[in-house]
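Asker: For the sequence shown, numbering that gives the first Met the number 0 begins at 0 and goes up steadily by one.
No lab work stands behind these hints, which were simulated from the structure alone.
We treat Cβ as the ideally placed atom computed from N, Cα and C, and that holds for glycine.
Each hint should be verified, as a subset may be incorrect.
Said to hold, decoys possible - Taking lysine to any residue pairs in the SDA-like style, the calculated list, with each CA pair at most 25 Å apart, reads:
1) 30 <-> 93
2) 52 <-> 104
3) 163 <-> 71
Unchecked claim - Between beta-carbon pairs, the in silico distance windows are:
4) 27 <-> 151: 52 to 58 Å
5) 178 <-> 145: 18 to 24 Å
6) 55 <-> 108: 26 to 32 Å
7) 145 <-> 80: 25 to 31 Å
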Amino acid sequence: MKSLVVFLVTCCLVGKTTAQSITPDSLLELKSLLESHFSETTIRDIAVDFELKRDSVSRDYKLTGSILELVEFAPMEALQRKISKLYSSTDITAYTGTVHFDRYTDRAIVDVHPLTEDRIFYSVPSMPNPTGGIEAFSRRFHDFLRSQQEKGLIHTDAVASLSKFRFIVERDGSLMSLDTGIIEALFNAFVQQD
Numbered sequence: 000m001k002s003l004v005v006f007l008v009t010c011c012l013v014g015k016t017t018a019q020s021i022t023p024d025s026l027l028e029l030k031s032l033l034e035s036h037f038s039e040t041t042i043r044d045i046a047v048d049f050e051l052k053r054d055s056v057s058r059d060y061k062l063t064g065s066i067l068e069l070v071e072f073a074p075m076e077a078l079q080r081k082i083s084k085l086y087s088s089t090d091i092t093a094y095t096g097t098v099h100f101d102r103y104t105d106r107a108i109v110d111v112h113p114l115t116e117d118r119i120f121y122s123v124p125s126m127p128n129p130t131g132g133i134e135a136f137s138r139r140f141h142d143f144l145r146s147q148q149e150k151g152l153i154h155t156d157a158v159a160s161l162s163k164f165r166f167i168v169e170r171d172g173s174l175m176s177l178d179t180g181i182i183e184a185l186f187n188a189f190v191q192q193d
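Put together the whole structure using the sequences plus the hints.
Answerer: Now the structure itself:
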């Protein structure tokens, strides 16, 4: 009788742990969902990290990390709802990964894996800033735009219509534009001159 009880308890425990384990298929589904979503964007030539965790209040999965700075709120909310539907509401597995946006095509490659406590993370000790700091960068960029305007390479109307520039500061202080078109060309010319 004792052996039967032990056998049943063991079966229940094994059944419970395998039901919540991560299968390769579920991870592939998540990977393909993320890749199809991020492949539809105009973002190019960058790799950004993300974490995916279940929110304790809404019980939905939420993406966090630098990916949120690149993608608008509404598409991100739709993606998070789709991800939440992939897994049961009792699944509390957290994921981490990187989205690699291709330089020449509209494809995105996603590397995703379960977040475990035994991973070691290296972080930047402070917020990356352009060389000389943000104020010095602003002055240099303003002077660059003014010189381009004085040389007749850009018109006053073109500069006035540019309301914002989006860029990323790498760990070493180098800059990379997130915009396309004339903004990207101007920014890249500035980076080369600077």
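Asker: Tell me, in ascending order, the numbers of any earlier hints that this structure violates.
Answerer: Checked against the structure, the hints that fail are numbers 2, 7, while the rest are satisfied.
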